[in-house]
Every structure is written in structure tokens, then in C-alpha cells.
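What follows is the residue order along each chain.
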Amino acid sequence: AQSVSQHNHHVILSEAASLELGCNYSYGGTVNLFWYVQYPGQHLQLLLKYFSGDPLVKGIKGFEAEFIKSKFSFNLRKPSVQWSDTAEYFCAVNAGYSSASKIIFGSGTRLSIRP
Amino acid sequence: EAGVAQSPRYKIIEKRQSVAFWCNPISGHATLYWYQQILGQGPKLLIQFQNNGVVDDSQLPKDRFSAERLKGVDSTLKIQPAKLEDSAVYLCASSLDRLAVDTQYFGPGTRLTVL
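Chains A and B, in that order, give the protein sequences.
Heads up: the first sequence begins at 1 in the working numbering, then just goes up one per residue.
Heads up: the second sequence begins at 116 in the working numbering, then just goes up one per residue.
Derived by calculation from the structure, the hints in this document are not laboratory data.
Since we're looking at a predicted model, the values are computed, not measured.
Treat the hints with caution; some may be incorrect.
As the list claims (entries may be wrong) - In silico contact screen, one side only, chain B against chain A (beta carbon under 8 Å); selected entries:
1. 168
2. 171
3. 196
4. 221
Quick reminder that beta carbons are idealized off the backbone N, C-alpha and C, glycines included.
One chain only, chain B, in its complex shape (with noise of 0.2 Å):
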């Protein structure tokens, strides 16, 4: 079985430009998540699709992130304008359904560096 994909692996920028990261998540897994991984820091939960439709955004920035799960597939998400503080880890995750004990499979995450 395919893992979840993400590309892409590496991503170095300045601030004020914007950047786009993909993922593929496992197939038939509805439930998709994008995380911020800032070094030394556990992930943390940016937002959650369930097919096509936004279960949870309330910690993406909004005013610079945005994010789109079309088709309930493939999902991408922006960031413009970056910021140094963006320089993180992104990672993608997916899980069959949208049940709390559901474990999630993740994917080998983006390092974006902004100067």
C-alpha cells in the first residue's frame, strides 16, 4: 500500500514570496490534516479536511495560509506572503475516517526555509 506522499522535500524562500506544498494522501482515507512542525516542537494541527469540506481551521493563519482539498483527493496549501517565522516542517497526514481513535499515516513532511 502506497504511503502518503508529499512533495515538495525541501523548499527555501524569502520572506514575502509565496510558496505552495502538495499532497496525496492514502487512498480511501477521507480524512486529511496538515501540520506545522516548528523545530523542537511536537506538530501542530493547521487544518482537517473530511473529504472536500473543512472540519477544523481554527489554527491556520488565515490571513496567509490558505488550503483546498478538491475532489476529496489530492490536497494543496499556500502560504503567501511567508514569513521567517514560517520556517517549519509541514507535514501531511491522512486517516481512513474521522473518529478519534483512528491512527493517522504520515507523510515525509516539506522543510520550508524562509531568509
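With the rest of the complex left out, here is chain A (with noise of 0.2 Å):
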């Protein structure tokens, strides 16, 4: 079965420090991966997504993140946050091609940016 993990409940950064939250998953074929981000009062939306192609993947606001096959895992990053950047931040996987296969999300990781 699939599986996601997000080790970093909560990160505390100062604004210009850079970002990177963890995301490790448990699935052996083709995968969809996908960061969502939730700021405070507003809704879950998507951040990036990963499904083909470049292992590198760019998102909204200076967000990318890296596939890396061989570790299962899709590591978002920002070079410089923002205390805009205040934020819940999940990762999630789906399998396959279809949607027979259940998209599956992390606990997520609370970021907090000191102004």
C-alpha cells in the first residue's frame, strides 16, 4: 500500500532563510506527486505537481521541488522565505494513471516564518 511521510511537523525559519521540507514515500512504480499548501483561512491548494519528465519541477510563489527515484522522495524547496510563506504543507502521492489508485496525503508540516 502507499504511504507518505513527512518527517518535519514544524519548522520554524527566519524570513531569507532557505526551505527545504521532506517527503519520503513507499510505492515501487509509476507515481504522481504533488505538494498543497494551505495558508491560514484559505482553502488547500496545489503548489506544484510531478507526474513525467524533469525530476525537477517549478510551482507557484518560487517553490520547486525534486523527484529523486531512487530515495521515493519529492523534497520541496525555496531558496529565500517569506514570512508570506506562513503556511501548512502537505505532500502527497498518487499511483498509477488512473485514479483508480487513491491519492494519499502526508500529515503535514507547519511552517512558521519569523518576520
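Take the two lone chains, each set in its own frame, and fit them into one complex as the hints suggest.
Here you go:
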């Protein structure tokens, strides 16, 4: 069965610091990988996704993620965070090509940015 | 473009009572999802509809939860009777189709408290 692990539950950074949030999944076949973000008081929304091609994926607001198949990882990065990046970040995986396999979300990482 | 609408936003009930949540997906989206998000966890898929048919309800506690999507548009999720452990945010999401790579668009959620 698929599973997703986000080991950092709460990350606190100062503005301009670099960010890397870890995401590991367990599934041996083809996967589609997502990062969703929930800003305070707002809906969950897509940050970026990977389904094929270049393993380095760029998303909105300067975020990027790298799919490393050998490590079963899809870590989220941003070179310089801003106070407005304060939010909860969820990694998710969906195996295969159809949605016969359900999307599985990690438990989330809360990011707090000190101004 | 209007987003996914949900109501009510908040609901407080006593255990053994019944409750219903409503969702209106983005116009033209064929696939609709209901998730349960317990505090400190990621969203967990309860049921997925493709138009008005159920694609996956393997994680829906069918002894107390039911859902329908009549006419393939709006959907209702019901809990009867509610238990304390049902306290959670219930999220509705929709996507254009049922491909694994499709972006899911989330509504604001309904926060349920069972006393």
C-alpha cells in the first residue's frame, strides 16, 4: 500500500532563510507527486506536481521540488522564504495513471516564518 | 471562475445525532471527492464520485456515513449517528477528470465538532 511520510511536523525559519521540507513515499511503481499548501484561513491549493519528465519541478511563488526516484523522495525547496510563506504544506502521492488508486496525503508540515 | 462551495462552515452536534454536509463543485468538473481531515493529520479520502457514480468508497465507514451525488453535480455527505471520533474538518474537492495527474480543487471545508 502507498504511504507518505513528512518527518518535519513544525519548521520555524527567519525571513530570507532557505527552506527544504522532506517528503518520502513508499510505492515501487509509477507515481504522481504533489505538494499542496494551506495558507491561514484559506483553502488547500496546489503548489506544484510531478507526473513525468524533468524531475525538477517548479511551482508557484518560487517553490520547486525534486523527484529522486532512487530515494523515493520529493522534497520541497525555496531558496529564500518570506513571511507570507507561513502555511501548512502537504505532500501527496497517487500511483499509476488512472485514479483507480487513491491520492494519499502526508500528515503535513507547519511552516512558521519569523519576520 | 467560482471555486468549490461547501456548507455549513461549522457544525456542532452531540454524539448520536445526525448531520449533513453539502458540496457544489466547480462547474464542469466530473470528479468529486470527500475527505476527512482530523486535527494534526493530512486529508483522508472517504469517497470519490465520477459524475454520479461511485469510483472508490473503500475508506467510508458505511455503517454511519453515506454520500450521494444526484445528477452528477452537487453532493451531500451524511453521518448518522455521529461519534466523538468524527470530529474533523470535512473537505470537498473536485477535478476536471479522474486521471491521477489531475489537480484537485478544494473547498473551504466544514469543521464538525461532536460533543
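Each hint, compared with the structure:
no., hint, in the structure
1, 168, "violated, 13 Å"
2, 171, "holds, 6 Å"
3, 196, "violated, 26 Å"
4, 221, "holds, 4 Å"
The structure fails hints 1, 3 (numbered hints given earlier, in ascending order).
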